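K.L.:
Fit chains B and C to the supplied structure of chain A, relying on the hints for placement.
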Amino acid sequence: MRLRGLMRKEALQIVRDPSSIAIAFVLPLLLLLIFGYGVSLDAKHVPLGLVVEHPSPQTTSFTASFQQSPYFDPHHFSHIKEAEEALRHGEIKGIVWMRGNFDEQLLSGETAPIGVFVNGVDANTARLVQGYVQGAWTTWLQDYARAQGKALAIPVKLEQRVWFNPGLRSRDYLVPGLIAVIMTLIGALLTALVVAREWERGTMEALMVTPVAIREILIGKLVPYFLLGMGGLLFSVAMAVWMFEVPLRGSLLLLLATSALFLLAALAMGLLISTLAKNQFVAGQAAILATFLPAFILSGFIFDIGSMPKPIQWLTHIIAARYYVAILQTVFLAGNVWSVVLVNALALVVITGIFMGLVRRRTSKRLE
Amino acid sequence: MPTADALLLDRVTKRFRSAKRIICALDQVSARCRHGIVTGLIGPDAAGKTTLMRLVAGLLLPDEGSITVLGMDVAKDSLAVQQALGYMPQRFGLYGDLTVQENLDLYADLQAVPRTERQQRYEELMHMTGLAPFTGRLARDLSGGMKQKLGLACTLVRAPQFLLLDEATVGVDPVSRRELWGIIYRLVEDEGLTVLLSTAYLDEAERCQEVILMHEGKILDQGTPASFSHRLAGRTFQVVAPGANKRKLQEQLIQTKGVMDAIIQAEGVRVVTSKGATLEPEQDLPGWSDATILPVEPRFEDSFIVTLKERTAAPPAARNHAQSQSVSLSDEDVIVVQNVKRRFGSFYAVNGISFRVRRGEVFGLLGANGAGKSTTFRMLCGLLPASEGTLHVAGEDLRRAAAKARARIGYMAQHFSLYADLSVFENLTFFSRAYGLHGQQQRERIAWALDEFELRAYADTTSGQMPLGYKQRLALATALMHSPEILFLDEPTSGVDPLARREFWHRINRLANHGVTLLVTTHFMEEAEYCDRLVIMAQGEILAEGTPEDMKARFRTASRPKPTMEDAFIALLETDGQAVMRG
Amino acid sequence: MWHRIFALVIKEFLALLKDKKSRLVVIVPPLVQLFVFSYAATFDLNEVGYAVFNEDAGMASRDLLARFEGAPSFRLVGYLDHEGQIAPLIDSRKAVMVIRIGPHFTRDLLLKHPAQVQVILDGRNSNTAMVASGYVGTIVTEFSRTWTPTHGFPGAPAALEVRAWFNPALQSRWFIVPGIVGLLTLVVTLLVTALSVAREREAGTFDQLLVTPLRPVEILVGKTVPGMIIGAFEASLIILLAVFWFQVPLRGSLGALYLGLLLFLLSGVGLGLMISSIAVTQQQGLLGAFLVLVPSVVLSGFATPIANMPEFMQNLTHLIPLRYFLIILRGVFLEGADATLLWPQYWPMGVIGITSLAFASWLFRHRLY
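Residue numbers (this note's numbering), protein chains in the order written: chain A, 75 to 442; chain B, 150 to 732; chain C, 26 to 394.
In case anyone wonders, no lab produced these hints; they're calculated from the structure. Accuracy of the hints is not assured; some may be wrong.
Derived pair list, reagent style DSS-like, types lysine-lysine, alpha-carbon separation capped at 25 Å [to be verified]:
hint : chain 1 : residue 1 : chain 2 : residue 2
1    : B       : 458       : B       : 490
2    : B       : 406       : B       : 367
3    : A       : 384       : C       : 119
4    : B       : 397       : B       : 458
5    : B       : 367       : B       : 458
6    : B       : 553       : B       : 490
7    : A       : 352       : C       : 45
8    : B       : 424       : B       : 406
9    : A       : 352       : C       : 43
10   : A       : 231       : C       : 45
Quick caveat: nothing in here was measured; it's all calculated off a predicted structure.
Excised from the complex, chain A in its bound form (with noise of 0.2 Å):
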């Protein structure tokens, strides 16, 4: 009775109280849009610039293939210091320059070199234009090979086969990862501020005094935000799949389940910070930066782990999210994949047992 009581009255709150509906819904829909259409890194349409000195049918055939590409977006120079000029004011991000006497050399079996300059400052896109610019370059000597009859010029041709997501879109990649963000966010940042502002208010201290047991009053805590954070992820996952056309290979089922853990540990994570620091202040910076900022960078939502320096690699291992993340992006884009799952899992079931115990620990029917 008790414990139906708590919580008939915590979701009545959640109902009459816009802001967790808001937390709840209206935030995984912002973030969704601003980071589902924001963050992307497939770069498209790179403005780069052709220095053609001396046009001819070789060149027009070479710069042929940036016109088709849809990865860039040609911008023509007769001079190799107009397009320097236009490189250092930003306007291109690359050059490819074919000196006046690239047909010359061409044609007398000489290696005509092309010069390719990429501004390095954005080194990811730097990287990526390098790379499209070799495609396109192998592409054309295959072509020039064929129309001249000749053998292939490159003796290993290298051929590219990629798993779970062919077209590389970023966004596959991202909005699942996203996910983890939303739900800390749901979950940590949600938790931590109702149970604060039950101190605040000193209802927490009318509480106490009625003949509840500590642990009704978490179970009353936890259940009906587990309920909201749930109907959260479905929203978001509806989002991703529908509005992003993310796929979803592996089962539902499954990623409910392990989402329902999740949810569990980053529940546990904000009970944990409103009982350490009672008011909603101190509870909302501290939510932010203990749980909102590890999950968006050190959990491989953006940046891979497997990348950073060994001691932030050590780092992450603490970070709930961090194995909801590797979970989310196999179930979405690999399918279900027991190794993957099961090992993350249990780290998620074991960092929520831990968190589940400090609170229960730190959380007393004392005022002190």
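P.N.:
Just chains B and C, lined up with the frame of chain A:
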């Protein structure tokens, strides 16, 4: 019943660690409360009242000693104790997002009240508290008094045997306060409930069957209120000087040797003398030839103040202010309010009020919660523009020259509102600069404030860490940095203990004697007596205006030959019909 | 007037720095974030696990594989014996990439037939896959180039000479660290200013300020200056660390950088004070700051290029001051840009700053209650 006492405290000690210091909140406290009566816990701030309540409720564990409630040890059986008692903390934890009914349901669930008994209990409680028409309303939309009543109803939902009330009536207007006490005393009589309450209102203490007097974590005394008063037999007097300025009379009396306490009451000044001292008109009151001194019955309040003053042994600011130049009330109006309205949405918080305040007056603004006092105040200070009507302060129209007017007023907000992280000196420096003082003048004013308000010892203390009484002094000091002509005080003594309240009013009187115009809001009715004139507001309108004597005279009846200010206030609101249904 | 503003500024600093908690908020999290971000936020690949399924016994394949083993970007996880081992290895994320060389690799090469190398990549992290594929391409091309002349292949008719300007080694850190200067400066100025009025409102001191003869403009200036000084201090600290600890070259003029910083701080403080004058409680202030920060981080081009976003998002980014400041930071640090080149970045920040401050001051006056 296993033991004769409902509550037994045996050498209870409780310490708190704060930053580097250890604070002893309760020091070897032993006390008992009898069954079926109301015991009051009285003492100044930081006496340890709330700590004691929380210990009894099992929310804290004592460091030493034992607490037995209804025969059960609180430390061992806290759940069992919590099932038997009801506890209403200072701010009762109502859920604002839930309706009255839902709050009741929640606490009924938590207290495991059987479903079959609920309906009847709810009806009783709703009838008792008068909340029956509001069961569907959200708790956050209730007025302050109704919130407290709902809190009480939630505490009583499973008829506790022992009720703890921690300052349950702070900030509640007199009407609601009376109703709350009516409910509690009825329960004590009808159901044999045992009550332990703490309060800052000494008239409430006087109504308790037994009183425990606490100070700095120790129990000073315990007994019936009458037994406290009896000790002062023959030492309490009423000094009346017809037609004279009561404030000046009081100022003189408080500086007289052998006078322990002097406060303005009714037409004169109430005086408590020290043991063996006498009070002779010719000797002690030169220049007040027509003053008469009549012996009066001692009250609990007198003995409370005297006991504490003997304890603290700090002489009241009794330095002689000989320069007290005589400023008589002039006829010049320094505040003129004409037909002022203030609308929030479609709701009129202030609905067409007019009044005038003369230079050198102490002018009071009285009213229940939500009567429009604060809104009026904020408009006068230039914090809020009026929707209609004109406001003139110190000769300036607030609509046109608000900044100019602001340079000539001082303002002290209801809650301590100075920079809590800054030291006393830094606060004074900042506000003196903000008022445009600098150089020699600034140094002089700061030195004056530190001396006048006895803050020198605290100059480098972080102001948030000072006792409430000192915070209040600092707030008053900053409001006076630029020697304003008019001083606005918004509920200046709310939550302050009686001792500090006295000292505060003593300072206010001195200011008034120096010609500063004072505008005060308060809901302590005895403080209304300090005002020269006052208005009583309800629902954004002025119900009555006049001197305290006028007000009381209006409600003098055969059954009530000597009405107090509180009687007059309540009678006025009741005659105003639906004004009782506070907005 | 200046006396009063000076007093306000002093008070603002005292209130901020005397409280242990807010002192910590200003100093510690930015430094922790600087180090964690700088080391963790990288798109460079480092020791990416790969496995080899080599069915060829010849020297050519060994030669090629030796190049992979020598590359710091890759880390060999193991050799596979049959095809069935590939899928579990990639599925379980033990390797991101498998290099498969067919049985006739060396033979084909010696016969001057084009030989094939297959690379299988885990696309779950599409960026890692893409960058890794670029590295593999470079290694294989390099191998081809050395193989061609010595083994009688016809020379390629044309070859790429690739060079990266400004950041020849293409280190992500050179891109991220200057960005962090802007990001953390924004975080600190927003936190300091967005909560300042709300905190005073909650403590009741704002009323106390308003009843003094201080004018709203003076209060506004009194709140702007401390935010800018703290932001400038924070930015300078991070710039020093960027240059001396992270060894990012600072090629342009400090004058151009600090002009940008000044305008950026103006816009940051303006946004903060605007939030502050709207928010009634500190919690609302915090939420407001959060609502400004998240889009700023995501849409400013801090981690991912603005050019990759859809058109309508790109238009939205023009409202974000951090966008302009990031271009200035990276321009001055790496490209050696000067003030004239950066003019298109300066004026929008100035406009945002002045508009938001004007709006904040209007709100100050009209939202006193």
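K.L.:
Can you name, in rising order, the numbers of the hints this structure does not satisfy?
P.N.:
Those not satisfied are hints 1, 2 and 10.
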